[in-house]
Amino acid sequence: MTRKFLMGNEAVALGAFHARAKRGTGYPGTPSSEILDVFNRLGGAAAWAPNEKVAAEVALGVAFAGTRAFVTMKHVGLNVAADVLFTAAYSGVDGALVFVVADDPGMASSQNEQDTARYAVAAGVPLLEPADSQDAYDFTRLAFAVSERWKIPVLIKLTTRVCHSGTVVVPRPEDAEAPVAKFNRDIKSHVMVPGHARPAHRQLRKKLAEIAEWNIKEGPNRRIEGCGDLGIITAGVAFAHAKEAAPDAAFYKVGMSYPLPMKNLIEFCNDMKRAVVIEENDPCMRDAILAAGGNLSHVSEEMRFGELNVHRIRGLLSDDTPEVQPVPSGKPPGLCAGCPHDRVFRILKQNDCIVAGDIGCYTLAALPPLEAMDTQICMGASIGMGLGLRHALPEKDARRVVSVIGDSTFVHSGLTGLAEMAYNVPKTGHVLLILDNGTTAMTGQQEHPGTGRTLDAEPASQLDYAKVAKAMNIPNVFVFDVVKEKDAFEQALKNALAKNELTVIIARRPCVLAAARLGAQKKPKGGAL
Amino acid sequence: MNDRTINVRIAGLGGMGVLRSSLILAELAFRNGLDVKKSEVHGMAQRGGSVCSDVRFGVAVGSPMIPSGEVNYLILMEEADLPLYQMDLSADATVFTASQIPLTRLATKRALNIAMLGLLSSELDFSQDAWRDVIHDYLPPKIHAANDDAFALGRAIAQGEKQ
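Protein sequence lines, in the order shown, are assigned to chains A and B.
For the first sequence, position 386 matches number 386 in the working numbering, and the numbering has no gaps at all.
For the second sequence, position 60 matches number 60 in the working numbering, and the numbering has no gaps at all.
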């Protein structure tokens, strides 16, 4: 096959396509967002789900039907889908199920830098860590094979610098057809009541022990001899940085980092005068190797903060003194010129509101010049946290609290928050603004159940937020175009803040970036990369 | 081209075409049979903030990110951002700035990114035909002529300055 120049996300999509994945699902989140669009462009069946949990459940259903599925998300998305992962590890799968999860060390576009490797250990599922696009392609193919062989979900951990770096890929011939889907009634495996889950837990540990043995003998790991005293154990993109930082060192490049090929790693440590682990984020491999009695030299705790690069690794290898990270400050990102969110937050600021915010472009309103958002933690938190503030604050301040959530985020995690709002009403009532710009803007304008279009731009049912609010017995529900009906919007907000009642205001105005794209033709299918 | 890895950083603000021009450069090196790595951070790129993309090519490239002190060529579309990248420049680095391109001579200022690739082209061993082919493959046909002119302008300016 001819070589290609691919971004890591494109390589995952091509790998899944060549592995004959029957369906790809997910929820957009930087840096994972491009995978499903590319899979769709190649001709694969791909769809955005309302959130990562639902996406993982759909994919698990496909895998229970005996064929191959994958689900994509960013690292914090796995917090939402974790409920599926932990018990799917017990139940196992009939076909193949691959979780593709993209971490963001350094937080280029995230609220934390949690490490997906911890989830693999906690749930007990194999973990593959690609270092570049070739690995991303190969490991995606391998993930389906391992999943199908051991009937277990497999995790692939990407990072920002794998997802969004372009490197050369040589693809392999496609798999023969995936297994044909058929219903297999297997209540003992598919219904995780305690009586079934107890033996399933033992079965899971047995599978992991077998996979560990396989990983030692034929796993996707590589030992590279060096010409000095130093040996480096590493995984993911840290390998590419470390190889350049220490070209003479010996390397053990780990491809499957859970369960670790521990026997090989201990041997490697014993063969070196000085062995170290260089890994981004949490010291997962280091802790496991030390616990197994491996002889490792110390590396500064600085390693766990931010993303690694050649310069930082040279520093970490040369001494243990904490490095001073220069933090150059360029022009920060801001809301686009003409952004409808900008108007809403100006009005909230003029009315001295306490704003419980959420995740999306509008989070930029927390930064100068607006500085008009007071809290942001995770998807959907605006509603629950706004209610908590209303319950706890003295009446004068409680009255100023407004929850603000975007349309895609509302569908993702706001529906249950709204149910709480209708159920446990604060004394001063509450006000929820749904900023409906008709797209998942921040991650690149993806569709969602409120846009009326599917991932491949086919017409779809469109969630009606006003009807949802009414169905949940919210007494005051309004819809305004925040540009054309700015004054009416502001008046409705003022009235709502003065009352002891529940109000939902849908502030509707298309995203200025998406507006240019709307009306665009259907995305072509069956394209090449 | 010799064995050493050539490191190019393209920097500007979101919306200036930084990611597009780095993709063109990476693809050009790729088509010339070289090992290529390109690295950038998406997500905030369309929100007007500072963005940069690293393109590295040669016989065998290591990290996708250019190590500090090893940038050979810096294409700086937003000159105020020079301090962000200064410490990453090699001792003999060449810096191309937007002020080298007279905007009045561009059919559209959106072609500035391609004009700046024209500046860079005078320093690299790729043929003009190869450049043009990649630029045409990565831009819509209706703006080919404007960008061909922008590329030629940048190249002529850089060659004029070298003499």
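If you are wondering where the hints come from, they were derived from the structure by calculation, not from laboratory data.
Hints may be right or wrong, so weigh each one.
Here are the in silico distance ranges between beta carbons for each label pair [what the hints assert, rightly or not]:
{"#": "1", "chain 1": "B", "residue 1": "Pro83", "chain 2": "A", "residue 2": "Gly306", "range": "28 to 38 Å"}
{"#": "2", "chain 1": "B", "residue 1": "Ala107", "chain 2": "A", "residue 2": "Arg304", "range": "48 to 58 Å"}
{"#": "3", "chain 1": "A", "residue 1": "Asn351", "chain 2": "B", "residue 2": "Ala130", "range": "56 to 66 Å"}
{"#": "4", "chain 1": "A", "residue 1": "Gly226", "chain 2": "B", "residue 2": "Arg31", "range": "29 to 39 Å"}
{"#": "5", "chain 1": "A", "residue 1": "Arg304", "chain 2": "B", "residue 2": "Asp129", "range": "45 to 55 Å"}
{"#": "6", "chain 1": "A", "residue 1": "Arg304", "chain 2": "B", "residue 2": "Arg105", "range": "31 to 41 Å"}
With a cut-off of at most 25 Å between alpha-carbon atoms, the simulated SDA-like pairs for lysine to any residue come out as follows [stated by the list, open to error]:
{"#": "7", "chain 1": "A", "residue 1": "Lys4", "chain 2": "B", "residue 2": "Tyr138"}
{"#": "8", "chain 1": "A", "residue 1": "Lys4", "chain 2": "B", "residue 2": "Arg31"}
{"#": "9", "chain 1": "A", "residue 1": "Lys4", "chain 2": "B", "residue 2": "Ser99"}
{"#": "10", "chain 1": "A", "residue 1": "Lys151", "chain 2": "A", "residue 2": "His18"}
{"#": "11", "chain 1": "A", "residue 1": "Lys4", "chain 2": "B", "residue 2": "Ala91"}
{"#": "12", "chain 1": "A", "residue 1": "Lys470", "chain 2": "A", "residue 2": "Leu497"}
Being a predicted model, the structure only gives us computed values, none of them experimental.
Backbone N, C-alpha and C define an ideal beta-carbon position, used for all residues, glycine too.
Okay, the hints, checked on the actual structure:
At roughly 20 Å, the beta carbons of Pro83 of chain B and Gly306 of chain A sit outside the given window of 28 to 38 Å. A C-beta distance of roughly 50 Å is found between Ala107 of chain B and Arg304 of chain A, which places it inside the suggested range of 48 to 58 Å. Distance hint check for Asn351 of chain A and Ala130 of chain B: the Cβ-Cβ separation is about 59 Å, which falls inside the suggested range of 56 to 66 Å. For the pair Gly226 of chain A and Arg31 of chain B, the beta carbons lie near 34 Å from each other, so the given range of 29 to 39 Å is met.
Checked against the given bound of 45 to 55 Å, the beta carbons of Arg304 of chain A and Asp129 of chain B, roughly 49 Å apart, stay inside it. The hinted range of 31 to 41 Å is not satisfied by Arg304 of chain A and Arg105 of chain B, whose Cβ atoms lie roughly 51 Å apart. Proximity of Lys4 of chain A to Tyr138 of chain B is assessed by CA-CA distance (about 15 Å); at most 25 Å being required, the pair is judged to hold. Distance hint between Lys4 of chain A and Arg31 of chain B is fulfilled; the C-alpha atoms sit about 9 Å from each other, no more than 25 Å.
With a CA separation close to 35 Å, the supplied pair Lys4 of chain A and Ser99 of chain B exceeds the 25 Å bound. Between the alpha carbons of Lys151 of chain A and His18 of chain A the distance comes to roughly 20 Å, so the proposed pair stays at or under 25 Å and holds. In summary, the hint linking Lys4 of chain A to Ala91 of chain B is not supported, as the alpha carbons are separated by about 33 Å, beyond the 25 Å threshold. Taking the CA atoms of Lys470 of chain A and Leu497 of chain A, the gap is about 19 Å. The hint holds against a cut of 25 Å.
Consistency with the previously given hints fails for numbers 1, 6, 9, 11, ordered from lowest to highest.
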